[in-house]
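If you follow the hints, you should be able to join the two separate chains into one complex; please do so.
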Amino acid sequence: DTEVTQTPKHLVMGMTNKKSLKCEQHMGHRAMYWYKQKAKKPPELMFVYSYEKLSINESVPSRFSPECPNSSLLNLHLHALQPEDSALYLCASSPKKGQQARDEKLFFGSGTQLSVL
Amino acid sequence: QKEVEQNSGPLSVPEGAIASLNCTYSDRGSQSFFWYRQYSGKSPELIMFIYSNGDKEDGRFTAQLNKASQYVSLLIRDSQPSDSATYLCAVRTAGGGNKLTFGTGTQLKVEL
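Chains A and D supply the protein sequences, listed in that same order. Going by the working numbering, the letters in the first sequence line up with residues 13 to 129, in that order. Going by the working numbering, the letters in the second sequence line up with residues 6 to 117, in that order.
Chain D on its own, in the form it takes in the complex (with noise of 0.2 Å):
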């Protein structure tokens, strides 16, 4: 079983609409959660992180996390074309040190 795992895609949504974009992990010591953004050929680059129970908001990002279902998503209101991008989401494990495990991405597409 893969530490933390991720629907490689694409997923297509229609511009303006809900994209929802999904995160297992196996490490139940699991501590913090984070979500990057990395269009072809640049680097990651940060956009949420979490780390309880619950929703946390940021713009028209909200990040999601059921610890009891090892469990963490990314919801992306009105999504625009420059949403399109592989989302990578990256979990640190207790007792990992600073350690990040990345999943394998999901590959978003907003469509006009």
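One chain only, chain A, in its complex shape (with noise of 0.2 Å):
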């Protein structure tokens, strides 16, 4: 199994609601990102988590919360959103070999296009 599977694919939600994107993968890696992407824009990094714990969160607002509940899933929690947080969500995995390791590389999920109203 060599996917990071998102669900769902596309999310409407209202500013009130709130919703969860989920991600997992079974390919033993144990670094986990959640990225922002919006359109024509390169992806931006929201948060890491490395062996299951945060290690990065880079200033992201409240309303976006993650979450990991073991090494093949990954959460981010969504609650009192704004319409400028509409964009693609990525989620990546990445094989976690060492902290400095050169060819770390990230493999990313197929996305959850979110639209808020």
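Worth flagging that the hints you see were computed from the coordinates, not collected in a lab. Warning: the hint list may mix true and false statements.
Unchecked claim - Mimicking EDC-like on lysine to aspartate or glutamate, the simulated pairs with C-alpha atoms at most 20 Å apart in a straight line are:
| # | chain 1 | residue 1 | chain 2 | residue 2 |
| --- | --- | --- | --- | --- |
| 1 | D | Lys104 | A | Glu56 |
| 2 | A | Lys108 | D | Glu50 |
| 3 | D | Lys114 | D | Asp83 |
| 4 | A | Lys108 | A | Glu64 |
| 5 | A | Lys52 | D | Glu50 |
| 6 | D | Lys47 | A | Glu36 |
| 7 | A | Lys21 | D | Glu50 |
| 8 | D | Lys47 | A | Glu56 |
| 9 | D | Lys104 | A | Asp115 |
| 10 | A | Lys30 | A | Glu79 |
| 11 | D | Lys104 | A | Glu79 |
| 12 | D | Lys104 | A | Glu70 |
| 13 | A | Lys117 | D | Asp63 |
| 14 | A | Lys50 | D | Glu50 |
| 15 | A | Lys48 | D | Glu10 |
| 16 | A | Lys53 | D | Glu8 |
| 17 | D | Lys61 | A | Asp115 |
| 18 | A | Lys50 | D | Glu8 |
| 19 | A | Lys52 | A | Asp97 |
| 20 | A | Lys50 | D | Glu10 |
| 21 | A | Lys52 | D | Glu10 |
| 22 | D | Lys47 | A | Glu15 |
| 23 | A | Lys53 | D | Glu10 |
| 24 | A | Lys48 | D | Glu8 |
| 25 | A | Lys117 | D | Glu50 |
Have a look at this one:
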């Protein structure tokens, strides 16, 4: 299994809703990531989990809440989002061979296209 | 100065030609360099990575790295219409842990 699976593929939510994005990988990777990508812009890092612990939070607003229940799963809980949060949310994983492994490669899921009304 | 810079394009090349995509980066301590291909509405797909000066070839793709000039490039030989996509350069800096910084991407169009 060489895939990173994200659900749902599309999500429309109102500003008062609570929803969650899910990500799963069975490659034995020990680092997992959330990226946000607006149209015609590069992916922007939001969070990194390393060995199920949050290692990087790129000053993301608290209306985004990540969770890593185990080494295969990563969630992103959404609450009180704004229309400007509409974007493609990408999950990625990497083997985490070592902190400074030069060939540590990220593998992306297909993303969740989120629209906030 | 942006950390990773790419010409946004579009870069148009005829089918069968060589496409040359360029990327510069600002952090001299950068360790690893990755090229991702992204089709419209799809997720990025890793196609090449390089961390030593010089060339690295994989099929029709060649990555070139010049750390002294802080420059990395991707050559695509015998370009095909299916190569039409946005190509993202990504850089991992020393001490940055698992953080990759992406350039804005170059849109490539391969014309029949």
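Structure-based check of each hint:
| no. | hint | verdict |
| --- | --- | --- |
| 1 | D:Lys104 x A:Glu56 | holds, 10 Å |
| 2 | A:Lys108 x D:Glu50 | holds, 18 Å |
| 3 | D:Lys114 x D:Asp83 | holds, 13 Å |
| 4 | A:Lys108 x A:Glu64 | holds, 12 Å |
| 5 | A:Lys52 x D:Glu50 | holds, 16 Å |
| 6 | D:Lys47 x A:Glu36 | holds, 18 Å |
| 7 | A:Lys21 x D:Glu50 | holds, 17 Å |
| 8 | D:Lys47 x A:Glu56 | holds, 15 Å |
| 9 | D:Lys104 x A:Asp115 | holds, 13 Å |
| 10 | A:Lys30 x A:Glu79 | holds, 15 Å |
| 11 | D:Lys104 x A:Glu79 | holds, 18 Å |
| 12 | D:Lys104 x A:Glu70 | holds, 10 Å |
| 13 | A:Lys117 x D:Asp63 | holds, 16 Å |
| 14 | A:Lys50 x D:Glu50 | holds, 17 Å |
| 15 | A:Lys48 x D:Glu10 | holds, 19 Å |
| 16 | A:Lys53 x D:Glu8 | holds, 14 Å |
| 17 | D:Lys61 x A:Asp115 | holds, 13 Å |
| 18 | A:Lys50 x D:Glu8 | holds, 18 Å |
| 19 | A:Lys52 x A:Asp97 | holds, 15 Å |
| 20 | A:Lys50 x D:Glu10 | holds, 17 Å |
| 21 | A:Lys52 x D:Glu10 | holds, 14 Å |
| 22 | D:Lys47 x A:Glu15 | holds, 14 Å |
| 23 | A:Lys53 x D:Glu10 | holds, 12 Å |
| 24 | A:Lys48 x D:Glu8 | holds, 18 Å |
| 25 | A:Lys117 x D:Glu50 | holds, 11 Å |
Going through the hint list in order, the structure satisfies each hint without exception.
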